[in-house]
Amino acid sequence: MFKRRLLRCSDWPHREAIVRHLLALVLLEVFVCIFPIAIVSVPPCVAAEDDLGFIDFDHTVLPILTKSGCNSGACHGAAIGRGGFQLSLFGQDPGKDFERIARELAGRRVNVVEPEESLLLRKGSELMDHGGGERLIPDSRAWTQVRDWIHQGAHRRIPGELQKTLTGIVVTPSRIRLASLDSSPVAIQVKAKYSDGSTNDMTELATLIPHDPMAVVIDHAAMSIQPRRVGRQVVLVRVRDKIGAIEIIVALREQITSSVDDFTSGQVDEVQSQRAVTPSSTQLIDPFVFRQLDELGLHALPQADDLAFLRRVTIDLCGRVPTVEEISAYQLAPHEVRRSEVIDRLLASEDAIDYWTDRWMEILQAKISDNSKRSDASNHPYRQHIRAALAMGSPLPGILTGLVLANGSIEEDGAVGFYLSAKDGRSQAELFSEVMMGVRLRCANCHDHPLDHWTQDDYHGLAALFAGIRRSPRVDWVSGAANIHPVTGEPAPGLTLDHFSIAPDQDPRPALAEYIQRQTDSSISRAWVNRAWFMMMGRGLIEPIDDLRDSNPASHPELLDALIVDWREHGYDWLHLIKSIANSEAYGRCVPSSVPNEQMSVDPVTRAVLLEMYAAREPRSLPSDVLRRSIEQITGVEIAAQQSSVAQDSLAGKLEWIVGPMLNKSLSDPHGQVRRWQSDTETSPLSLVQAIYLRCLNRTPLESEQQFWTEQLSAKLQRDEIIEDMVWSLLTCQEFVTNH
Amino acid sequence: MFTVTTNGSTTGQSRREFLRVGGLASLGLTLPQWLNPALASTDRLTDRRIAKSCILVWLDGGPSHIDTFDPKPLAPEEVRGPFSSIATSIPGVTISELFPQMAKRLHKCTLIRSLTSPLGEHNLGAHYMLTGYRPSEVIEYPTWQSVVQQHTSSQAKATLPQFVAVPNFNVGGGRITSQSFLPAEFAPFSVNSDPAKPDFSVTNLTAPENLSGVRLQRRQSYLQWLDSEQKADPLTQQAFRLLQSNDTQVAFDLRQESADVRSRYGMKSIGQSCLLARRLVERGVPLVSVVDHGWDTHADVVNRLRDGYVGAKVPVGLGPSLDQALSALIDDLDASGLLNETLVVVMGEFGRTPKWNSNGGRDHWPRAFSVLLAGGPICRGSVFGSSDRYGEGPQSDPVTPADLTHTIYRALGIDPQAMLHSPDGRPIRITDDTSRVITEVFG
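Those protein sequence lines, which keep their order, are chains A and B.
Residue numbers for the first sequence follow this note's numbering, beginning at 174 and rising by one.
Residue numbers for the second sequence follow this note's numbering, beginning at 81 and rising by one.
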């Protein structure tokens, strides 16, 4: 022990720094002079300290620092540290953190002789100026433990003992069901698991982080949680860099409405009859949804009325609103099969294939517009490749392996678009993990993933596999390229994400294809089923959909599993998955606003729970390509490609909608639909209003609407302008730009 | 008190440095003021002097510092370049002969001559200057103007757009979107038309004749009737207010200015853009960016910076045009008192090589360059920092783009510690951790 201190003294780079420890040094030298022999013979470990309870750096000090927030990304855990002091994020790298705390700055962060004078404690407790404020309260248990650790000599581990590593944590309970908000707080227990198989109670050093801090009260002293809001809440549990999750479900004490079942309206009677129809996919999805609703004490809202359903499903499956002809055909079909028939008909159409191809190109983050020679992105070979696969119902693993195995020019093999969509090995690795598994690997470029098990070695190992991909613009693979690991400064060894080593002279693409085959049943299916669900329902079973990880539990885990199994049994055909979801009751429910207010008073919290648990349909904005196609179909006028400002989310976009040519040209086109309505003076104003409503909003106007618009259209003057302004307002209003 | 000399360092006085200079604390010295210039500046920058609006004049391509505001008259010819230097209204300070009007008004401005950045590529340099962050693989930062808009936004009440780009926000190679991950409402409103053109008008700002007046009202009332149950959308409301407001048309209508005024600004794009910026700021638009293209002068500097074309009798190149525009802008803002509450920032992505190249031009040079500031809390008549004798690097008081951004936030009353949240939920401070406020530029 003393020998080490002396060695360290000679390492001090700054002479001034020595002054600080002058007293300690003098004492030390006196001591060394008097008892030189005794010192050499004393073993480094002092037995008495063991009896006091040896404080371990990895398993006590670091978790304390994590719990105190010292090594968070906003503080010293940032990639460049903070204020000249850098720690690994949440203590992912204990060895390096030990170096920095106990060795860096010539060891001035710890003062073994006077532990309380250590920079670590003085700064941490803000006795010295500290940008991060007071993190360790003097004389608190955490502060005392850190002080004692320093006092014991600031060792990394118990001398002579093998270093065990923290492998994970077990949280109990991890699923909590409460009947009401009146329940008493739930105590949480957290156990650490170590590499040697041992466990240890770490409840005291765990941090509880609710997804929504307003919804859950955390008592860190008692280590208990108490929800403040009904519905489902998730609380993350962190010990050092290990993460677990707790799901809490609190039932709604009162039924949100006793009147949902008494709901009386002609349309709803019709709808209720729909519930008798139970296609097989209803059995697949709805029992899980209902089970969750029962636990919450929630009633589902009824099915949307028939025309609302037709509009919704046409938008979701084909990316446009239904035509007048489709509406009449639909209304002619028998009630019992209307919905499932229209789903089959839409999915068999070219429009559906085109629409889903576009969505896939988004999922694949395809960069096809950069290709300057091809002005028309819809004919791009990458798009054509994906379109053909979807049209044939190719299985997902086949499509994905086709992408990683791609080779040659884009004309020879459209799948090389997957490689042309990234610019180098690292971005390809990120693209790969995001596309295939909905995993954000990006964090692990600079540090291990803070909420998942991905490490920098995983990231750079995968990037190493893609390092040899050439995009010139022919895609092929050459050996000899490397991805330099930022930590080692050496070429990172090539690794698949499930840790199969790939030799540097081996084309990695077949190995990656095998990886996809291995992972299809688990992580890959999970990500793609979640995506399909998100696209159809407006939210993922796991949210956000591009951030799948162990610490992010699904809202309906059994449903997700059941969908994966069913999808596998149906050959991983994308459109089968879409069809299953479209046929479920959960998909067909009405939006909260369609229920008359007097029959249902729903506070915002309950509304949020209704939507989150699929008791009601969530209204969504139409994407700009859907808006464009729908406007073109309604007005009968093609919108020029350069008129790209379909998005309404900026001031310029709003102005474009109101006075710009995008919509206005389509309304005033002499060959367009509006002109036909204008020149039709035979039809009564009422029929005209009904025709316009059916074509624009796909429904019949309410009585108040009929009255308002017939009054407007009966005006003798400016009838043409009034019709144009009416159609303009119908195509601009919230109802039109929303899928409900 | 310590005098801080940070020669060769780009981070200024950080705690890291404090730690490095070592155990002064152990000698019983505490240095809170030394550590925290930001604290000291809080006292100096009172609310009264915080700027309410900001005009950014962006010299796209990277203006040569030596040929503009940091001449080196004593350097050899291949550094000095073809232009001589002239005295300014700040005694002892000279600038390039291309800016005779600004020379007379330099006592109203502060010149920083010690900007330094490692990034000599247009997109990267522009990103650093406009966001205060060095570009990262992981995230694209929003520009400080968009951040300021987000932190001061009063879209709900405003009629005019709160951030206007004249003529657009195509800067630094065009890859930068100002709002980045912030919501689209914090993107600049581009006028998309050259104010110097006789037919200048802003796209969709005026309803076509057949849609004006009664029809616009009808559309608005129909839409309100249809959306009566929805929450009012502030952007739609603003759009209708804007289209129906006389003020809007007036704000963007340069014909309202007399011929005298227009020619005082110069009939070039930069001149009329600055005039438009002045009109907008006068009418309460807090953020305007004016982009002047063509400063990437790798060749043919005499023509491009001074003459404008071969054989010009009166020089009409980038320099004289900017000189005319800026001096008119400063004059007008000062005369109306608006200069006290309007921060003017004139900059590009980097400087240019001290040595003349074989094409009669200068190439990219980020190690030392200049930025001109005026208005609001900015000191009237000072020069901060200096470059070395050939303008190769900072000689004193180096300022990073991050420091500059930090200082701009302070000048506009934005808390530099304010946090943004990236799309994946990472908290991001609006200023880089290592940046500091340059209190010396505050008068």
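Derived from the structure by calculation, the hints contain no laboratory data.
Yeah, the Cβ is synthetic: ideal placement off N, Cα and C, and Gly gets one too.
It is possible that part of the hints are untrue.
[Unchecked claim] If you only want the chain B side, here are some residues facing chain A, beta carbon under 7 Å, derived:
1) P241
2) Q304
3) D307
[As the list claims (entries may be wrong)] Pairwise CB distance ranges (calculated):
4) A/R276 x B/D313: 52 to 60 Å
5) B/G374 x A/H844: 41 to 49 Å
6) B/D274 x A/P843: 31 to 39 Å
7) A/P460 x B/P503: 32 to 40 Å
8) B/E201 x A/R350: 34 to 42 Å
[Claimed, not checked] Which stretches of chain B does chain A cover? Using the computed rule of at least three CB atoms under 8 Å from a CB of chain A, they are:
9) 319-332
10) 360-367
11) 480-488
Check: Which numbered hints turn out to be false for this structure?
Finding: 2, 8, 10 and 11
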